[in-house]
Amino acid sequence: EVQLVQSGAEVKKPGESLKISCKGSGYNFIHYWIGWVRQMPGKGLEWMGIIYPGDSDTRYSPSFQGQVTISADKSITTAYLQWSSLKASDTAMYYCARYRATNVMDVWGQGTTVTVSS
Amino acid sequence: QSALTQPASVSGSPGQSITISCTGTSSDIGGYEYVSWYQQHPGKAPKLLISDVSNRPSGVSNRFSGSKSGNTASLTISGLQAEDEADYYCSSYTSATTRVFGGGTKLTVL
Chain P
1 EVQLVQSGAE
11 VKKPGESLKI
21 SCKGSGYNFI
31 HYWIGWVRQM
41 PGKGLEWMGI
51 IYPGDSDTRY
61 SPSFQGQVTI
71 SADKSITTAY
81 LQWSSLKASD
91 TAMYYCARYR
101 ATNVMDVWGQ
111 GTTVTVSS
Chain U
1 QSALTQPASV
11 SGSPGQSITI
21 SCTGTSSDIG
31 GYEYVSWYQQ
41 HPGKAPKLLI
51 SDVSNRPSGV
61 SNRFSGSKSG
71 NTASLTISGL
81 QAEDEADYYC
91 SSYTSATTRV
101 FGGGTKLTVL
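Just so you know, the protein sequences line up as chains P and U, in that order.
Residues in the first sequence are numbered consecutively from 1, following this note's numbering.
Residues in the second sequence are numbered consecutively from 1, following this note's numbering.
Hints listed in this document are in silico derivations from the structure and should not be mistaken for laboratory results.
As the structure is a computational prediction, the values presented were derived from the model and not from experiment.
Check before you lean on any hint, since a few could be wrong.
[Stated by the list, open to error] Some chain U residues near chain P, calculated using beta-carbon distances under 10 Å:
#, residue
1, Ala3
2, Tyr32
3, Val35
4, Lys44
5, Asp52
Heads up, the beta-carbon is just placed ideally off N, CA and C, and yes, glycines get one too.
Modelling step: build the complete structure from the supplied sequences, incorporating the hints.
Printed below as a string of structure tokens:
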């Protein structure tokens with residue numbers, strides 16, 4: 001079964017760093033792009049960026065460029081989303097998803113809730 | 001990159017058909033056949049409904065269909081059922097090789 005399993009909920013303080021993960025299984029991880037999507041409380045989906053685990057080619061939305069870092073470790077079939085200094089406005093649900101084709105997110109992770117509060 | 005424009009809400013009665021529009025520009029929807037649609041129920045991850053403008057993945061009801069004209073894509077749901085009540089999002093590939101979502105549409109089944 002193809003699946004993406006994300007790391008658990010996080011509660012952090014402003015200024016702290018964080019790295020959340022998305023582990024793929026059941027398919028050839030290095031051959032499919034992985035995307036990250038933010039959903040703030042009560043709001044819509046926002047596309048953050050994508051990575052191709054085969055060569056770590058990465059693209060960012062202009063809205064998130066410089067705010068987060070997307071990476072992947074193909075040896076353990078895991079993609080990551082990280083922040084160096086969290087803000088309260090980073091409080092959201094974050095989803096990873098596999099791209100089956102150019103713009104087809106066919107398998108989604110269960111989501112990781114990130115809460116940033118002092 | 002601005003979000004694609006969707007109506008905030010639509011509604012319909014069981015058995016009726018509704019259409020959700022998704023308007024972009026020639027740099028996204030109008031320039032490519034790479035529009036997809038997703039359904040999201042409260043507290044759940046999004047689910048793929050339509051890919052590449054009008055393709056329906058295996059397992060998705062044929063009551064869902066997609067189309068595109070110019071810079072506007074559309075999702076039509078026929079024979080509305082109570083279980084269709086959810087949020088719907090469109091997405092497009094862009095000329096910057098990024099992707100963009102619409103703001104989302106809340107569907108209410110009356």
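Determine which of the earlier numbered hints do not hold for this structure and return their numbers in increasing order. Of the numbered hints, all hold.
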